[in-house]
Amino acid sequence: MLLQEQLIQSVKEKCEHDSDVASCMMYGSFTKGEGDQYADVEFYLFIKDNEFEAFRSRRWIAEIASYDLMFRNEYGTEVVVFSNLIRGEFHFLPASEIDVIKTFKPTGVFPDTESMFIYDTTGMLKPRLDFLGGRGPERMTSENVNFAFNNFVNAWLMGVNVLRRGEMARSLDVLTQVQKHSLQLLRVKERKADRWLNYTKNLENDLNAENYRDYCLITARLQKEELARAYAHALALAERLIESLETDYDFEVDAKLLNKLRHYLMR
1 MLLQEQLIQS VKEKCEHDSD VASCMMYGSF TKGEGDQYAD VEFYLFIKDN EFEAFRSRRW
61 IAEIASYDLM FRNEYGTEVV VFSNLIRGEF HFLPASEIDV IKTFKPTGVF PDTESMFIYD
121 TTGMLKPRLD FLGGRGPERM TSENVNFAFN NFVNAWLMGV NVLRRGEMAR SLDVLTQVQK
181 HSLQLLRVKE RKADRWLNYT KNLENDLNAE NYRDYCLITA RLQKEELARA YAHALALAER
241 LIESLETDYD FEVDAKLLNK LRHYLMR
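Sequential numbering of the sequence shown, starting at 1, is according to the numbering used here.
Since the hints were made in silico from the structure, they are not lab data. Hints may be right or wrong, so weigh each one.
DSSO-like mimics (lysine-lysine), calculated; alpha carbons at most 27 Å apart, straight line [claimed, not checked]: (1) K126 x K14; (2) K192 x K102; (3) K32 x K256.
So the derived label-pair ranges between C-beta atoms look like this [stated by the list, open to error]: (4) R262 x S57: 51 to 57 Å; (5) N84 x L197: 27 to 33 Å; (6) S96 x D250: 40 to 46 Å; (7) N198 x S244: 20 to 26 Å; (8) T122 x N151: 38 to 44 Å; (9) P94 x F131: 17 to 23 Å; (10) E114 x T219: 52 to 58 Å; (11) N151 x D49: 17 to 23 Å; (12) A255 x N202: 43 to 49 Å; (13) R59 x D248: 53 to 59 Å.
Just so you know, even glycine gets a beta-carbon here, dropped at the ideal spot from N, CA and C.
Could you put the whole structure together from the sequences, leaning on the hints where they help?
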């Protein structure tokens, strides 16, 4: 049994013996058949409303397993680094907020909602998990393709400009946005857009060899020449992507604008 599976079992047993917990669900790799020895463990716990104010998450997690670090990140998630160096993410909410589960529907595909079920005393968890089942949101739409292309152009131009100003670190940071939207478009091209939000997940297996090489060409170290090459390759990739996708999607970005960007790069 993986250490992560032992932690999952410990969370389940803790829920079963803690009268403060109304419901608990899991999300992430272990609910998608992708859990391995490198995966995180991730949970939503719903605490009875009348106990929520007095509930102490640090104490609760410490009774699951020892940890070396626990903090609240910028999204309000309680992040835990257990002593065995497995990462955990925990969301603790009042039981009355269980409908938050329904808001997960637009974020992706949930192929096995039964595996998300950990514990429930209310009868309210399973119907909400069932709501998440079935097909995920349609990603391969003109709206999404244009969103990716438009944001690509915006990030590309900003990255080139700050590079010319001499802000190489900032240009490298902006390049991550260029890469993000390029990958979203490559996933549309390969009809593997389910990972629209988690676009780098399993990339080495999801993209074919040619498209993966194209992605590699738009990566760079913090060196001016490498950054310049990465932005040049990114623009060339965008032009090829429009050519390959234009029969299926209506683009707001046209060849005239891309040609202008190409000339701008050559100045």
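Now for the hints, and whether the structure bears them out:
In summary, the hint linking K126 to K14 is supported, as the alpha carbons are separated by about 19 Å, within the 27 Å threshold. As the CA atoms of K192 and K102 are separated by approximately 24 Å, the hinted pair is consistent with the 27 Å bound. A distance of roughly 43 Å separates the Cα atoms of K32 and K256; the hinted pair therefore is violated under the 27 Å criterion. One distance hint, 51 to 57 Å for the beta-carbon pair R262 and S57, holds here, with the actual separation near 53 Å.
Range check, N84 to L197: about 28 Å between beta-carbon atoms, so the 27 to 33 Å window is met. The hinted window of 40 to 46 Å between S96 and D250 holds, with their beta carbons roughly 44 Å apart. Checked against the hint of 20 to 26 Å, the pair N198 and S244 passes, with Cβ atoms roughly 23 Å apart. Between T122 and N151 the Cβ separation comes to about 41 Å, which falls inside the hinted range of 38 to 44 Å.
Hint check: P94 to F131, Cβ distance near 20 Å, so the stated range 17 to 23 Å holds. For the hinted restraint 52 to 58 Å between E114 and T219, the CB-CB distance of approximately 39 Å leaves it violated. Take N151 and D49: their Cβ atoms lie about 40 Å apart, and the range 17 to 23 Å is violated. In this structure the supplied range 43 to 49 Å is violated for A255 paired with N202, their Cβ-Cβ distance being about 33 Å.
One distance hint, 53 to 59 Å for the beta-carbon pair R59 and D248, holds here, with the actual separation near 54 Å.
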